[in-house]
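Sequences listed follow chains S and A, in order. Per the working numbering, residue 33 is the first one in the first sequence, and the count goes up by one each step. Per the working numbering, residue -15 is the first one in the second sequence, and the count goes up by one each step.
Keep in mind the hints are simulated off the structure, nothing from the lab. Beta carbons: idealized from backbone N, C-alpha and C, even for Gly. Be careful, since some hints might not be right.
Computed footprint of chain S on chain A, listed as stretches where at least three residues anywhere in the stretch have a Cβ under 8 angstroms from a Cβ of chain S [unchecked claim]:
hint, segment
1, 9 to 18
2, 82 to 94
3, 113 to 125
4, 319 to 326
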Amino acid sequence: MWNNKKPVKTFLLIISTTIFSNLSFADMSVIVHPDNTSTFNPEIIKKIFLGKKDKFTNGQVAIPMNAAESLPSFDAFNDKMIGKSRTQINAYWARLVFTGKADMPKVLPSDSDIISTVSVNQGAISYVDSSSVTDKVKVVANF
Amino acid sequence: MKNLTTLSIVSLVALISTPTIAEVKFSGFGSIVAGQTLEDDEKLTADFYDVGQYENTTTFKAESVLGLQVSADIAPDLKATGQLLAKGTDEFKPELDWYYLTYNASDNWTLMAGRRNIPMYYYSEFSEVGYAYPWIRPPSNLYWWQVTQFDGFHATYDFSTDDFTNTVTAFYGNEYSTDNKEMLYYAEIGNRTLNGAAITQVNEQWTDIAGFNVNIIGESFDLRMVYFRNDRKRIDTNVNGETAIRASASGFSQQFIGIGGNVNVSDFTIIFDANYVAYDDDVGTVFPTYLISAVYNIDQFQPYVSYSKADHWQTKSDNEDDYEEHYMASAGLRYNLSSKASAKIQFDHFEDEGAGGPEAWAYHGNSQTVSAAVDFIF
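Start from the sequences, fold in the hints, and give me the full structure.
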């Protein structure tokens, strides 16, 4: 009787793990131009988006582009990749921008704008919902 | 006149929108701040440089400020930036406070030339941008200098190590402050005279300002060190137009040393800044100052407390310690209204521990002040 229940529990556990992992990561993708052969890891991506690193490992000038605040990818990216809230990010940039130390990343209004901009710009790096990714861009991280 | 204005606006817009002209960016910040002291005879100087003060009636003028920044890429790797500032203490008359060129000389080197704030205290370069820090203002009894800006040059070297992002900046410049607002205020409240006639203008000169900043940013902390030196000179003008160099405030140099930063420990941010200013005058004047503040980050709320202390000694006098001395103890709350605006409320207790009472070194006076602000960026 007791043993009979075990497979059901395991099954439920597998189901729920699958659901939650789909919700919590691999939803969004960091994308670059297909010809960009640089090395990427979460630390490099974070530094580029915080204005602490202005070049890719291939020497190309990096142009980070943010999704509009209205897109779900914006909060997901800042939360999971940068580790800061919207307010913390904006306070961080307010200091840099108004002391002339760095320019705030450009903002693009939609996933399709992001895909089309990144696909024609060798230095661009941005992020979109993974379902929006096309073969015109290269995925370098998922979150 | 109206046509001329319209014409210049049209040509300005045409210039900006001409596709061949490089990108022009507009951004800005602002703070609408209201406050008052709790008792009739109390006064708090919330902005020493521009003499922004709270008394026992509510005012918006002491600290409210609007800033507009325009920057344009004018050549490859060369950018021009201007910052127009309108402050309540100046009847919101806009002034071009910052104007400078930025040249990205190489991957690691950035050169700047023009008018900027002197990077003295941790918050000196962005003390007007209320959105960028938790309090209503960086503690005013530390940010008390009559000179905050200068014309000069900056050379910055950036480099990263595995765990840290580092910046070293060397700077040099001069400031000839004509009709200095803070110094005239002190001349007026002290009934200061020259040749028996009231002083109506004070010019303050800080020359050969030379020094450096070192910034180290890690995963959970930000550390900054500063050193600079400059020569000092003060010139009084009286109501009859006679001028004279004020000997007690001229002919010596000063050195400024500071270490500050912030550390994040779980949901808390600890902010600190310790500074030491020394004159090479006959009496050995020094000003030790420090700030310590704790901020609790809970969702969109940031309750905070801070304590800032300023002292004044004459290390070569028989009487070393009995001069200016005061502390400010503050508590407040920041609430983020949106990702671009925050609301704050703050209580400040200013304790004047200066020697010899109000007629001598305790000329600021004790006060308790409540202020509320909305800060924003765009």
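Open item on the list: Let me make sure I understand: some of the numbered hints might not hold for this structure. Which ones are they, in numerical order?
Closed with: The structure conflicts with no hint, since it agrees with every one listed earlier.
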